[in-house]
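*Asks:* Please build the complete structure, drawing on both the sequences and the hints.
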Amino acid sequence: MATATFHQSIVSFASPSSTISQCGFKIDSSLSFTSKKINFCKIKAMASVSYNNTLLSPSKTIPDNSLKKSNEAALILIRHGESLWNEKNLFTGCVDVPLTEKGVEEAIEAGKRISNIPVDVIFTSSLIRAQMTAMLAMIQHRRKKVPIILHDESEQAKTWSQVFSDETKNQSIPVIPAWQLNERMYGELQGLNKQETAERYGKQQVHEWRRSYDIPPPKGESLEMCAERAVAYFQDNIEPKLAAGKNVMIAAHGNSLRSIIMYLDKLTCQEVISLELSTGIPLLYIFKEGKFMKRGSPVGPTEAGVYAYTKRLAQYRQKLEEDSEVICS
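Letter by letter, the sequence shown follows residues 19 to 347 in the working numbering.
Mixed in with the good hints there might be a few duds.
[To be verified] Derived pair list, reagent style BS3-like, types lysine-lysine, alpha-carbon separation capped at 25 Å: (1) Lys-120 / Lys-212; (2) Lys-237 / Lys-106; (3) Lys-212 / Lys-106.
I should point out that these hints are in silico values taken from the structure, not numbers from a laboratory.
*Replies:* Below, the structure written as structure tokens:
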């Protein structure tokens with residue numbers, strides 16, 4: 019599976035000209051990636067986001083008529099399962115490392131926890147560990163839809179990967195990979211053992227690189243830099259889907275998801291650096307009337323509390339139960 023490298027993707031990143039208000043700044047998305055500055059620390063995040071016709075079709079791979087208006091949608095966030103370099107205690111960053119056997123099991127367990135929650139579209143990073151997690155999780159879903167990665171790298175890629183059967187499309191769920199959701203790039207630390215790095219540079223220095231908000235490791239990204247690209251992508255491409263009633267799952271990484279959660283929960287830069295996300299544990303949010311409501315992590319597929327959060331989730335689960343009874347009878 020082809021994956022885009024971080025530096026190649028930065029060069030190719032561009033979006034239609036539009037202006038979005040975030041954290042008190044006007045962000046002109048016609049500018050290059052490096053100029054899209056989102057300062058979370060100095061100005062409190064603003065909750066209001068306007069949606070126009072342009073934003074309601076952020077992905078060229080999904081037609082406008084696939085978006086249905088609704089005032090409520092589910093958002094599921096999953097950090098990928100344990101990777102081979104997680105197991106070896108190495109800095110991974112943007113290196114494309116697959117899951118371990120434990121990571122596969124974590125992804126499957128995550129899928130079981132969300133098996134009764136609706137998912138209409140999946141966003142992942144361009145890295146294999148996130149994509150494996152998404153695929154394995156959806157295998158457990160009761161709708162039994164087949165995840166299909168959409169290729170938007172070029173016109174030829176889109177043409178060659180197009181599915182013409184409407185019946186097949188109805189049995190599938192689109193997976194949209196995006197380099198903007200990649201783990202933060204650890205620069206010269208990538209591939210180094212974390213303990214040995216602490217011994218070489220000192221525990222305090224390594225702690226600053228790993229846990230500060232705006233201090234990057236040598237030739238790498240800070241959490242602030244990661245947040246700029248991840249949150250901008252979320253606003254431009256994912257939030258409009260939720261506003262249109264699409265239920266979304268994001269399978270990504272510790273730092274890209276921390277960045278998004280910082281935006282959703284309006285965390286300060288001090289609060290986000292202490293936020294820890296476990297591998298393979300899904301987090302559920304409800305998007306309603308332009309606001310995000312955090313609902314924690316589903317303990318299991320039959321947990322009553324998850325489906326009591328909203329009438330729509332309860333109805334969806336009831337429909338799954340009814341369909342299952344029909345199949346079994």
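*Asks:* Decide, hint by hint, whether the structure agrees.
*Replies:* Hints, verified against the model:
no., hint, result
1, Lys-120 / Lys-212, "holds, 20 Å"
2, Lys-237 / Lys-106, "holds, 22 Å"
3, Lys-212 / Lys-106, "holds, 9 Å"
Comparing the model with each earlier hint shows no violations; every hint is respected.
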